[in-house]
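Build out the structure end to end from the sequences listed, making use of the hints.
These protein sequence lines are chains A and B, in that order. The numbering of the first sequence is my numbering, which starts it at 1 and goes up by one. The numbering of the second sequence is my numbering, which starts it at 1 and goes up by one.
Please note that a few of the clues may not be correct.
[Said to hold, decoys possible] One side only, chain A facing chain B, incomplete, derived with CB under 8 angstroms:
1. D3
2. I4
3. R122
4. I157
5. S166
[Said to hold, decoys possible] With a straight-line cut-off of 16 angstroms between C-alpha atoms, the simulated EDC-like cross-links for lysine to aspartate or glutamate are:
6. K523/B with E545/B
7. K205/A with E178/A
8. K86/A with D97/A
9. K86/A with E150/A
10. K298/B with D17/A
11. K523/B with D544/B
12. K417/B with D17/A
13. K622/B with D584/B
14. K623/B with E638/B
15. K605/B with E499/B
16. K171/A with E66/B
17. K376/B with D144/A
No lab work stands behind these hints, which were simulated from the structure alone. Heads up, the beta-carbon is just placed ideally off N, CA and C, and yes, glycines get one too.
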Amino acid sequence: MVDIFHRLGIAVDFVPDQTCCGQPNFNAGLRTEARAIAQHTIRVFEKTTGDIVMPSGSCAHMIKHNYPELFADDPAWLARAQDLGKRVFEFTEYLVDYLGIIDVGAQWNGTLTYHPSCHISRGMHIDRQPRALLANVRGARIVDLPHAEECCGFGGIFSIEHPELSAEWLKRKVSNLEMSGAPTLVVAEAGCLMHLAGGLHRQKKQQRVIHIAEVLANRGGKQ
Amino acid sequence: MTNPFRAHIRQSLANEALQIALDANAERRVHGRIAAFASLPDWKDRRNQAHAIRADVIEHLDRYLETFIFNARNNGITVHRAKDAAEAINIFTNIIRARHDAPVLIAKSKSMVSEELDLNRALESKGIRVVETDLGEYIVQLRGEKPAHIITPAVHLRRQEVGQLFHEKLSEPYTEDIPTLVNAARRVLREVFLTADIGVSGVNFGIADTGGICIVTNEGNGRMVTTLPPVHIALMGMERLVRNFDDLAIMLSLLPRSATGQKLSVYTQIIHQPLDGQQRHILLLDNGRTRLRSSPLKESLYCIRCGSCLNACPVFREIGGHAYVGKNGALSPYSGPIGSVISAGLFGSNFIPLAQASSLCGACKDACPVDIDLPKLLTRVRAGQSPLSTSPSSPHGLSTLSTIFLRIYGRVATHPKLFAISQRFAALGTRLVSPFSAMVRLPAFTGWGYSKDLPRFASKPFRAQFHRREVKTARKLEKIIRKTVESIPETPISNSRTEQFITELTAVGGHLTRTSANELTEKVIELLKSRDVNHIHLEPNVLDENALQQAGITVSHASNPATRVGVTKALCGVADTGSVLEADGEGGKIHASLLPELHIAVLHKSDILPSLIDALPLTRQKKSTVVITGPSRTGDIEMSLTIGVHGPSEVHVFLVDDSNSQ
Chain A
1 MVDIFHRLGI AVDFVPDQTC CGQPNFNAGL RTEARAIAQH TIRVFEKTTG
51 DIVMPSGSCA HMIKHNYPEL FADDPAWLAR AQDLGKRVFE FTEYLVDYLG
101 IIDVGAQWNG TLTYHPSCHI SRGMHIDRQP RALLANVRGA RIVDLPHAEE
151 CCGFGGIFSI EHPELSAEWL KRKVSNLEMS GAPTLVVAEA GCLMHLAGGL
201 HRQKKQQRVI HIAEVLANRG GKQ
Chain B
1 MTNPFRAHIR QSLANEALQI ALDANAERRV HGRIAAFASL PDWKDRRNQA
51 HAIRADVIEH LDRYLETFIF NARNNGITVH RAKDAAEAIN IFTNIIRARH
101 DAPVLIAKSK SMVSEELDLN RALESKGIRV VETDLGEYIV QLRGEKPAHI
151 ITPAVHLRRQ EVGQLFHEKL SEPYTEDIPT LVNAARRVLR EVFLTADIGV
201 SGVNFGIADT GGICIVTNEG NGRMVTTLPP VHIALMGMER LVRNFDDLAI
251 MLSLLPRSAT GQKLSVYTQI IHQPLDGQQR HILLLDNGRT RLRSSPLKES
301 LYCIRCGSCL NACPVFREIG GHAYVGKNGA LSPYSGPIGS VISAGLFGSN
351 FIPLAQASSL CGACKDACPV DIDLPKLLTR VRAGQSPLST SPSSPHGLST
401 LSTIFLRIYG RVATHPKLFA ISQRFAALGT RLVSPFSAMV RLPAFTGWGY
451 SKDLPRFASK PFRAQFHRRE VKTARKLEKI IRKTVESIPE TPISNSRTEQ
501 FITELTAVGG HLTRTSANEL TEKVIELLKS RDVNHIHLEP NVLDENALQQ
551 AGITVSHASN PATRVGVTKA LCGVADTGSV LEADGEGGKI HASLLPELHI
601 AVLHKSDILP SLIDALPLTR QKKSTVVITG PSRTGDIEMS LTIGVHGPSE
651 VHVFLVDDSN SQ
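As structure tokens, this is what we get:
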């Protein structure tokens, strides 16, 4: 992501004090902890200026949609959370909607298919953006992933609390990936990435899963 | 500590027949819904309107309830209110005892509220026989089970199991032929309808402005139990109100599409008064709804019980409705995403762990016709915000291990240095465990290791790789106005209302004959002769009775269960759904469209109205009305569409062109 922004002439900073947005705790229902993490995140980013771009859609979703829920009865923090939310973008949304770029000059020789992560597609209605970016990658053939809209089974603590359910969905996602014929599955979400990578490895599959930034940053046409 | 919910999940996953049934349900219902909404170009607006309607009703529920009760009582309906199940059962018993000392037979159509009350068991313990008459409900009742889905109670069963059940319980020859099974149930239940002392139904919507109730069914059992027995008791959750007919029209454009993929269900009843000689009651149940309403889960009361969130939910698809059990092993009547939200609030903190069984994927919110933010509500249940969330041991429904882990994580994530060090330790840890592979194989008990490996954490995390290098001056970039590509499905609008009516009627399996007024009786006789029918139940003043007599067809103006054909004049037609509106009136005409196997509706071309919203006001002055959309049908066994259940198996509209008299 940093490489892509540099290539586009955009300055990038990384605030070392940042940790986590608090989504794991929020989703699990541990709101006291989630609030503490959220306050830390707000404080850290308040010291910065500029847009905040996240390579993981559910984190952006957390800040934009769940921080207001967390601070619903705390007007002071609510205002700070909303101010931060306005500066937050999911990576592909930022490229396409904000910068108006659908071609980042990437090349990828091979077939790709895209898994629309739940928090990105349904949570933030971001779907045409990553697809537009992929469609403009030179050399890449983009194929449809059957039942793409189905959850991959990660869901944070859900995958640990309910491993049996998580396993079923993972199985289905992997078999849909096989059906697509693509050797490479592209996601824009760290959670799905970790989950699917672990699942493909456990099932000893040849296919692999990569982050969309990795495709977009590639210029040499590797696959 | 064993968790009964997880045990049920494992059982469901291991049950191959159940898996096939649930997969079929998910696929058929989701496709059906999407196809049905394609014919409603403005569905997004309607969904927003529906949300606003429900929000307003729930916000001012007390006021609307007062209006509704006042109007219903003025209409001659007895209205009762029950705080909880015990009160409701008492009210029931009093109604029954007031009329009967002898054994009582209750014919019951579907009501989820009755499942909350465990009504059947309560009444049976008092010696009262209750027969479920919705095919799916009847099947699960025979099996001694609870419904597995709000809309499709026998969703978990396959035809072989139903065949075996009917063989054992009804002494029917074993068959896997679904129409034969449906017919067997029709025969048995017809007797129940005709002899029942009391009919019990649910309610889809109460209409505050008019005091009417709306009941939506496909098989015709809802019509039977509200029409035939001398007493009708309608069970209604107190939140199920709309303000007026306009609201109702919006809801009815969304509910059947979401529930079964139909533009309109076969029978949409709008009932305002008791029929002649009939006693009608409405029982409004609270049972925790007031509690929910003043909690952060208030939005869950917007639900109209269409079941589409169940069909869309990947969890429900794996486990089915019978797996939604609380920590005490009790089954919640409400499953799926909405069940996981409301069960804890209505029935106790036992059910909080249900809310943890979701990846918050949001498929339910997308499917909801009233746009309830179910993922948000699930996180609120997890946060201990449901009204009965008093259990101190596990307010979140989370396992102890996960709770401890997340609490520690919460500490670490608020301290950047600690967080950075932990990342290094985690990386080192995974590297030690798995020195030769980028993946770590964790044991199954960790949850993660059950089905996947864990990618090794980066030994040099991004924060260590990123040097706050001198930033180049950002190039000015033109911001391009975002282009929203919203694909709106196109629907061909028929050029004429009549054509549209005919198209839609035919699409739902209805038949049509066009005729002039002069030739009407002659054409009806032709049809009757072709079916060897020589006796009909006829609404007065619809056909030329002399001509019928000359043709050797006798006529009755009263209902008789043995009569094969009923002829009525429709109050109006509805073009965009191919429906006809029928009402009670002289000569038992409401029965004529219900009991016979063939219903002939005479409809004048000038009486075809564009849409349901135009027809609803006509229901106001009648005691009981029904919008009929095709022949009665069911999909309760394997969702295989079967025509002809309790209502007529054939609907034939004679469309009278009164614009000229040739």
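Consistency of the hints with the structure:
1. About 12 angstroms separates the beta-carbon of D3/A from the nearest beta-carbon of chain B, more than 8 angstroms, and the hint is not met.
2. Of the supplied interface hints, the one on I4/A is violated, with its beta-carbon coming no nearer than about 13 angstroms to a beta-carbon of chain B, more than 8 angstroms.
3. Hint status for R122/A relative to chain B: holds, with the closest Cβ pair at about 4 angstroms, below 8 angstroms.
4. A cut of 8 angstroms between beta carbons decides the hint on I157/A: the least distance to chain B is about 5 angstroms, and the hint holds.
5. The restraint placing S166/A at the interface with chain B holds, with a minimum CB-CB distance near 7 angstroms, inside the 8 angstroms limit.
6. Under the criterion of a C-alpha separation no larger than 16 angstroms, the hint pairing K523/B with E545/B is consistent with the structure, at around 13 angstroms.
7. Taking the CA atoms of K205/A and E178/A, the gap is near 9 angstroms; set against the 16 angstroms cutoff, the hint holds.
8. A threshold of 16 angstroms between alpha carbons decides the hint, and for K86/A with D97/A the separation of about 14 angstroms falls inside it, so the pair holds.
9. Straight-line distance between C-alpha atoms of K86/A and E150/A comes to about 29 angstroms, which puts the hinted pair past the 16 angstroms bound.
10. For the suggested pair K298/B and D17/A, the alpha carbons sit about 38 angstroms apart, so the restraint of at most 16 angstroms is broken.
11. Proposed proximity of K523/B and D544/B is supported: the alpha carbons are some 11 angstroms apart, at most 16 angstroms.
12. Of the pairs offered as hints, the one joining K417/B and D17/A holds, with about 8 angstroms between alpha carbons and a cut-off of 16 angstroms not exceeded.
13. Note on K622/B and D584/B: the hinted pairing holds, with a Cα-Cα distance of about 7 angstroms set against a maximum of 16 angstroms.
14. Proximity of K623/B to E638/B is assessed by CA-CA distance (about 36 angstroms); at most 16 angstroms being required, the pair is judged violated.
15. Distance hint between K605/B and E499/B is fulfilled; the C-alpha atoms sit about 11 angstroms from each other, no more than 16 angstroms.
16. For a cut-off of 16 angstroms, the pair hint linking K171/A to E66/B is broken: about 53 angstroms separates their Cα positions.
17. Among the hinted pairs, K376/B with D144/A is inconsistent with the structure: their alpha-carbon atoms are about 30 angstroms apart, more than 16 angstroms.
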